[in-house]
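A.B. asks: Take a look at the letters that make up each chain.
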Amino acid sequence: MRLLSWVAVRVAVCAATLTVLSVLVFSATEVLPGDAAGVASGPAATPAERAAVRVSLGLDRPPLERYLDWAQGAAHGDLGTSMTSGTSVTAVVGARAANSLAVVLPAALMILVIAGTAGTWAGLHAGSRADRVISASGLALAAAPDFLIATALLLGFTLWWPVLPAVAIVPIGQSLWQRPELVALPALALALGGCGATLRLLRASVAQTAAEPYAGFARLNGYRGPRYARSIVANAAGPAVQAFSIMLAGLVGGAVVVETLFNVPGLGQELTRAVAARDVPLVQGLSLVLGAVALLVLLAGDVTARLLTAPTRRNGGSR
Amino acid sequence: MVATRSRRLGAGIAAALAVTMAAGCGSGSSESGAAQGASTGGTLRAAFAGGSTETLNYLQGPTALDYVRARLVHAPLCELDADAEDGVAYGVVSDIQVSKNLTQYTLTVRDGVKFTDGSALTSKDVLYSLQAPTLLKGLPFTQLVARGFDLDQATTPDGSTVVLPALSPIADGRDLICQSMLAIKAGTTEFTTGTPSSGPFTIGAFEAGRSTTLRRNPDYYGQAPTLDAIELVSIADGTARVNALRQGQVDYISGITPAQAQTLDGVEGATVTTSELPYASYLQFTMNTAAEPFDDERVREAFKLAVDRQKILQNVYYGRAFIGNDVPGLGFAHYDDDLGQRTYDPERARKLLQEAGAEDVQVELTAGPELAGMVETATLIVEDLKAIGVRATLKEVAAGELYADYEAYAALPFRAGYTPPASFEPNWAPGVFPDVDALVATARSATSADERLDASHQAQKLLWERGNQLGVMFVPNISAASDGVSGVRELQFPDLARATVSE
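In order, the protein sequence lines correspond to chains A and B.
Counting from 1, one number per residue, gives the positions in the first sequence under the numbering used here.
Counting from 1, one number per residue, gives the positions in the second sequence under the numbering used here.
Extracted from the complex, chain B is given alone in its bound form:
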């Protein structure tokens, strides 16, 4: 506990000193603007948090680095892409057709894709890739497809077709299939540096908690990468990652806090980037409707009105976040932009509390350092609540503790949490609001697109009015790169496949 706190304090002071440095003597940066122009070949050195728990088995990899690496080594079946026609960009799966009654999905496998062992990628490999999370005991976040489809009954009528029966009619099956599924060879049970793969890069060397060397795969079916090689380096601490970038030890860093990003502002030779919507994690504070005082919807509304979101955006995130409107899925296709943005209205909040007879109610908000700014935001919320008369206190738990005992967490009356970027309907957890559950079911299964959108908007409106989530902010991933680096796509996780670096 003490170690954690002093470490955070240490990082804070280091950051503060670095700010002074940047302001006082900008010449401190050892990076000079790299020459523009030549951008073929080269090696990109990219640093992520990583750690000794890193693994090549992306189904069990708990760190972001595991997925970034896997995504470079294994080609995706398809990817979410809000701009594309079907909402997805196709990979080794070249098309997904849905039956009229929304109960059967037919996947077409792209021709000419080869694994590094020379074998062709067929429908059997695609089906195995979809079943692998269940067969190889993947972490829950990889189980999304199994929640919507009956994978045991799936078939491969020929080498380039996979037929997936849905467990119940769903219209958003593409979202499930394309969220994080990568292509692996049928029968793969362990992931080593020699495991056949079909992505843009192959693994040269790997050491958990230290680094991975990736080399360009000359037989990649898609757009050939420009880089010859990528070195993925593990640097656990965000401040250390910033220092490594400033000194030119690495070219790109990911997963830094807004305060750390702030120390890089104005530093010559470095650029800070944040992921664009919809790739922002939803930071929410859940009010347990089964517990007093949150069983009263007036109290819930009062709490939503009492919070000054603009102040959180400026003081916690230095403007590098998106204000939330108490509804999930900002930036995704079904998100209802027409709901008015909740205003900051402490007067009305006070009045609502009076009406509910809860003027000096006592609440404890539980939060932990699970997402950048979570604890700081919670601190400001507690202050805002105190300002309207609520006897609010903050309970800060150590890193890793918040979700460790999920049953206990779910029973807390007022708790901080976050969900990674995901659209609203397929990720909706039913059980609290039956009317919303019914609307979400319609939004996922109605045969007409208009009907689905309408149901989704109605559900979001209900959540906005009576919901139990104080959804104050959508938090993007913050990265920084030295000037010669471009082409990094800031998706749910950074994609380095098309990056370039000028020497």
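Excised from the complex, chain A in its bound form:
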């Protein structure tokens, strides 16, 4: 019950954060030099043509009025229309979010498996040769920029051993979810890029827990093998889960390089383009969804971490 009310408070804080975020994003786009009319008109337009474009986009109206109009629509699920194409922002954002998730979710799963296994193993065998190899690999992956990993995968799987498509070309009427072969490379690139940091955090946390007196006590009491590993991981997972959720939240909108190289039309790539085109309703819609997703992921991370640590606390209390 206490957990539920805690979650309710967190959700309310999230909603407030999103409102503040929308104001901040709108102000930021106002501060940026130029507007969609300037970008759309290009250099060859006459001043009169430029002014006409500005009026037809509604940019001659005061900023506050435009924001309130937008916010009113957003409250009812209508994120407005794109200034550059006139299409519904809700539709664009929905499609882009589906594409991003189609890549990020398999990537997250891979990170969980790779970083979870390797990190735990290295932490439990801290100082061993395996630990050194795993830790060094983790460090290398964490340090390698996304484009390097993506390019290496492209070279490996599309040129030297051409078994996977180089870019994601999804036929009309299908979605990325139906084409695992198109998702494989971008998801792997994201997973490799993201697992280094998570792996190292989990390893450190496991190694630290394993060095605690109670771990030695457990060993003395005959805890061995999987049973011992489980008790250590249960205690070490809290901080690692939170680190994982922060990394995941960043992945949803921050995968611009991978999305670009593999032609996955996702949220991050769309946001970059929308900012360049000064397409304020689209920037607003994308930021809002990215913000909401990030806050949800962080919330899920916090709740999971709390659930993981709760039993220990209860044990401590009963002792």
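Simulated from the structure, these hints should not be mistaken for laboratory data.
A hint or two may mislead.
[What the hints assert, rightly or not] Computed footprint of chain A on chain B, listed as stretches where at least three residues anywhere in the stretch have a Cβ under 8 Å from a Cβ of chain A: (1) 121 to 131; (2) 137 to 143; (3) 182 to 190; (4) 203 to 217; (5) 229 to 238.
[Stated by the list, open to error] Computed from the model, here is a short list of chain B residues facing chain A with C-beta under 8 Å: (6) Ala244; (7) Gln249; (8) Gly417; (9) Asn427.
In this text, a Cβ means the ideal position worked out from N, Cα and C, and glycines have one as well.
Fit chain B to the supplied structure of chain A, relying on the hints for placement.
C.D. replies: Chain B in isolation, oriented as in the chain A frame:
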């Protein structure tokens, strides 16, 4: 900002690796030379930058893909064609006559052209097509006809004649009418997959930012296309387009950078093509004559002499561009080829700066990634200027930022910019050099062709001597195709209507 930069760096490294690949193990290409011969039917898969902003409304379509698609779906009224008698190739408009005093243009509509809904194309449709940019709030680049003609006073005396009164006498009205105007049915207000059209292809399916499927229009009035279908695919990133071509996921890619094209050189099964003149964008660096030190024409000349254009051509464009002579319109009929090519003369540049008392003047050049090689060229120009003692710096702005605030852009003292392929006179922006403005007016309105050409050349000479544009390069569009593809016309935008692909 960081994302943009790392992306560019990423593309660079990917390109570099691909170069190594191509040199080291040429067998990496999965494409084998397609069998020559059979070239009827088939589907061409062509990739362009595209994006979620794509729209079927070509009047508001901001991407090149929107116009490429529209050009396949809607027949052109007429097209610029430097080799043709009137400088234009006729489409659904079969002839354009100009009155002696250059104030009235009479368009004849081709007989037997039908829209996909079965209705005949008449003069009413042609007039509506010309008025549509104004009526449907088209982007400024579509407003060219409205700048020269009084479209409200235009009439259609019969089903095959349109009479257009000019706002003032102009001789180059054909250029305006034929630059980018497509035929649409009178009353069209929205563009969907079902909108009646009269071009060589019809739209089967369309999804913005993903792809368009086009099918051959069996009732097309002109030369029947060979292809059964075309699939236009959106791939936003140039390196990704190159990768898609190399792997055989697409047959044709457009709009790649010279560096990306370089990675395809020597790759078996792929050929790189650049658009021919006059279809090259004019890359220019404008010196604001209202600001110091550019109010002194000696400084402007010094800057023009200080730049090593050959080095830019080789190092930025790998030879895939045309050196400019500080005058727009290279390749168009009125371009003055007799002006001597500006040489690279840092010594004389230094001397001119001394005379002007501007030896160690400070300038900031603003540039952004709006055209392939713009920032790289700006970087080399800044280096060349430093070499003659100018305290030059480069201000690089993010993608989309350069023109976003046009008033601020126009006020910059030294700025990069580009204009799409266009002839000099109709696109001249007056206001800076009154004597050039007067000559351009004569070049557009004098009744004799010789008089017009002479005025145009005089204007170009003045610009060459005292002008405020450092016009270093004309940049073509670079495309690449796998071996089985031919017949793509590299015009202002690639025209795929007559393409063939052998299976």
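A.B. asks: Could you run down the list of hints and mark each one as holding or not?
C.D. replies: A quick look at each hint next to the structure:
By the rule of at least three residues with a Cβ nearer than 8 Å to a Cβ of chain A, the coverage given for the segment 121 to 131 of chain B is violated, with 0 such residues. By the rule of at least three residues with a Cβ nearer than 8 Å to a Cβ of chain A, the coverage given for the segment 137 to 143 of chain B holds, with 5 such residues. Coverage of the segment 182 to 190 of chain B by chain A is violated [criterion: at least 3 residues with CB-CB distance below 8 Å; count 0]. With 8 residues carrying a beta carbon less than 8 Å from a beta carbon of chain A, the segment 203 to 217 of chain B meets the three-residue requirement, and the given coverage holds.
Beta-carbon proximity to chain A at under 8 Å applies to 5 residues in the segment 229 to 238 of chain B; the threshold of 3 is reached and the given coverage holds. At a threshold of 8 Å, the smallest CB-CB gap from B:Ala244 to chain A is about 5 Å, leaving the interface hint in force. Given the 8 Å rule on beta carbons, the hint for B:Gln249 holds: about 6 Å separates it from the nearest Cβ of chain A. Among the interface hints, the one on B:Gly417 holds; its C-beta lies about 6 Å from the nearest C-beta in chain A, closer than the 8 Å criterion.
For B:Asn427, the shortest C-beta to C-beta distance to chain A is roughly 7 Å, which falls under 8 Å, so the interface hint holds.
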